[in-house]
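Chain by chain, the residues run as shown.
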Amino acid sequence: MPDEPSKNIDWEAALEQHRPWLRKVLRCRIGDSHEVDDLFQEIALAICRQSNRESSVLPTDPQKVAPWLYRLAVRQSINFHRRAGRKSAAQPMADLDSYDANVEPLDWMLAEEERGAMRNALKKLRSQDREILTLKYTENWNYRQLAQRMGVKERTVEYRLMRARQNLRNLLSAGAHQMVEAKPK
Amino acid sequence: MSFDPIYLQRLVDGELDRDETREMLEMAEAQPALWREMAGAFVESQLWETGFQKLELGIEPETNKTIRPAPKRFLPPVNRIRWLVMAAGLMVALTAGLLIGRFFDSATSIAGPRITDSTNDGLLAAHKAAADEAPALAKNSDPGRTLVNYRPDYRLELEDANGNPVFDTEVPLYDLATAKQAGYQMDRQPSLPPKFVENVGKRGYWLDQNVNYVSGRLDDGRMFVVPVRTINLVRGQ
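Keeping their order, the protein sequence lines are chains A and B. The first sequence begins at 1 in the working numbering and counts up by one. The second sequence begins at 1 in the working numbering and counts up by one.
With a Cα cut of at most 30 angstroms, we get these calculated DSSO-like pairs of lysine-lysine:
| id | chain 1 | residue 1 | chain 2 | residue 2 |
| --- | --- | --- | --- | --- |
| 1 | A | Lys153 | A | Lys123 |
| 2 | B | Lys54 | A | Lys123 |
| 3 | A | Lys153 | A | Lys124 |
| 4 | B | Lys54 | A | Lys124 |
| 5 | A | Lys64 | A | Lys153 |
Derived from the structure by calculation, the hints contain no laboratory data. Quick caveat, the model's predicted, so the values are computed rather than measured.
So here's chain A without its partners, still in its complex pose (with noise of 0.2 angstroms):
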């Protein structure tokens, strides 16, 4: 039996309390920001939707928020891809034009490098390892605070973390190889 809607949640609170990280899990999944935008607003009108209705799905528990729309942004998120036809790759970061006048050419060429080696891995990464891994690195979030907005159990979270991390590894390291072998002799 679907939950009452609760009138002690503040919505509109928790929406924006929790936009940050749900913008990364749509951008994660999504790629374009401006899609994103359109996304977060799509969420919000659901819930909007949802509020009204007599017999709503939302959560009455303030615990349960997080997880309530976390999966209601990967379910837009897929979504999306179902209306452009699964045509639409996800474009995970923007690329930088980051040239700072104020750094030595040659940093900023190594830490370019750097970066346009990780920007290409994290291109070919799933989603959903590149959405732990931008979570962990980015909201500096432990175990127990992704599995509450994840809403999933910690161990799941470490298997799932153990391996992103490991596909990020390789292919970081076929990268690496593949820079090496192009290199003129």
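Fit chain B to the known structure of chain A by using the hints.
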């Protein structure tokens, strides 16, 4: 011999308790090769964290551009047209509101006594009575339509500051149902008619269309989101 990858990951992520950490350090002390493995894991984690944070700086552009200050300098012709379009739109909306308001007022006041034995008859009677009361709307009346579906037809004509028509065309305004019947993609792009857009393109303009969502809360606690569409005429390709 090497560490269990799960334990190594927990160590790097700071998820081991004190006893488990001591146990791992003792293992590394007994087998110096494990120190290298441990150091490598820490360095890798540190590099990745830095890498993700640097890349992440480029992925979070703030795109909430809901407020655009009006230009204070001389308005170019395109801006004049835009203001005219907005003014015309407001006029149409105001007129529509007044007419529909009058229509519903007259319908409700007359429909009551005429409702006979079924709801549809009542609605039809109200519709006809309202058409008698409001001749301006009567030409758009269709006996087969109910009050709920009733929409008068409006057209928006663009004029420049001198009153001359812009683009020699009228812009029909559609309600959602009509536009869907006409095949326009109303779900995501409640758009201008393709012919109009084509004419605009031929004249060297393009339409910059954006939808922003304004959210709010009603007195009874319900949230609402209103899509606000902005269309700017921009010169050039």
